[in-house]
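Take a look at the letters that make up each chain.
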Amino acid sequence: MIRVALPQHLRTLAHAGEEVRLQVEGLVTLGSALDAVEIAFPMLRGTIRDQVTRRRRPFVRFFACGQDLSHEPPDTPLPGAVVTGDEPLLVVGAMAGG
Amino acid sequence: MSSVRVLVGTRKGAFVLTSDGKRNRWDVSGPHFAGWEIYHLQGSPADPNRLYASQSSGWFGQVIQRSDDGGKTWEAVGNKFVYDGVPGTHQWYDGTQHPWEFKRVWHLEPSPTDPDTIYAGVEDAALFRSGDGGQTWQELPGLRDAKGHLWQPGAGGMCLHTIVLDPRDPERLFIAISAAGVFRTDDAGKTWRPVNCGLKSRYELPDPSAEVGHCVHRIAMHPSRPNTLFMQKHWDVMRSDDAAESWQEVSGNLPSDFGFPVGVHAHEPDTIYVVPIKSDSEHYPPEAKLRVYRSRTGGHEWEALTRGLPQNDCYVNVLRDAMAVDALDACGVYFGTTGGQVYASADAGDSWAPIVRDLPAVLSVEVQTLS
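Read top to bottom, the protein sequences are chains A and B. Numbering follows our numbering, with no gaps: position 24 of the first sequence is 24. Numbering follows our numbering, with no gaps: position 316 of the second sequence is 316.
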């Protein structure tokens, strides 16, 4: 099981806690992890990635194990500690500035 | 006994205000969808417990929420708004052509007869329809064939913000788009044409009488007279008596004819309301006095309604979707401000009192009259 931490607004929308635990079959990549999130929580479709292009929304970021994966392609394998569930994949609402 | 439910969309959530028919004591519930922009929420005339809300965020995009119990609980429904076919391009600020890009839903207009049928007006301007309670959405692409390549966004975005359904003819719809104008279909949305004859935009367009490009802020209709429409344009309050084939100015003695909302009394089709704003560069009331203006003659002659409204140091705005009426006798009138106040009048505008004073900036106000 992988762990995915969602930002507050998406936790509310998904009626979920701070972290969700998901089973991902096969190679655990950024894209397959996000697919698993959207399958488990269909109301989140379109809120993290564009519905059509599947590209990350501009003000959403993906962090894991101290790395910024936001600009990585969807087939990027996630770090081993995320795959084993020792560390979460963080879905983050980007800083708004101000 | 009748009661009233006021649905308020704000920059940071939705609020539901309820009262009995006396309309002098109010319960306030919310925020629903706290922290999200709620551009609009609206109830179904066919089933008042069916509500729809447009929830959006610069971070997380568009969500559509539906309630089947009058707003007590909500369920996220479909949020996939995909333009039909290859969406093509429209004018961009620099004169080039720019691809159509979905940004948000500005306005939701449920069918008067079917709770599962609802229209959505979106930015970049297009009209979508759902026949399954908001689970799926299909564009009515014929609208963008009505000179869509010439439309260009104004400062507020290229938004389709007004949808008016003709109660006597289900095939006829009117829509309005900022910086594009009014468009009409007579075949349930298959084909559309601009209906802006008579509009004059001297300071906004090189050709003041252009077929498209007028910055229409809002249109309103009384259901008993579907051929008569009232319009608050960027500048000018206008009226049509031939289903938008032609428009005449009825600004009359208004202190400013710039503004955003226009509303029609529930029982008097010639009694209309606007909220004058000083100018397009100073979005607050003239003389810092918040005044609703009422015409009982369908325009031209206007009276200021001030009792209970701040008459000094007032610098709020009232946005296009933020005024509505109830169907009680006497007609109630409601509006919300960018300062977070929602004002109500239970006597057709003669006197006003705030229901709430300190909400986030109000984007929309709708009213349901319940029996």
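Certain hints may be false.
As the list claims (entries may be wrong) - To spell it out: a stretch of chain A is covered by chain B in this simulated footprint if at least three of its residues, at any positions, have a beta carbon under 8 Å from a beta carbon of chain B; those stretches are:
| # | region |
| --- | --- |
| 1 | 37 to 46 |
| 2 | 52 to 66 |
| 3 | 74 to 88 |
Rather than coming from a laboratory, the hints here were simulated on the basis of the structure. Yeah, the Cβ is synthetic: ideal placement off N, Cα and C, and Gly gets one too.
> With a Cβ-Cβ cutoff of 8 Å, does the region 52 to 66 of chain A contain at least three residues near chain B?
Replying inline: holds (count 4)
Quiz item: Count the residues of the region 37 to 46 of chain A with a beta-carbon closer than 8 Å to any beta-carbon of chain B: does the count reach three?
Solution: holds (count 3)
Self-check item: Residues of the region 74 to 88 of chain A with Cβ under 8 Å from chain B, three needed, outcome
Solution: Three-residue rule not met by the region 74 to 88 of chain A, so violated; n is 0.
This entry does not satisfy hint 3, going by the numbered hints stated previously; all others are met.
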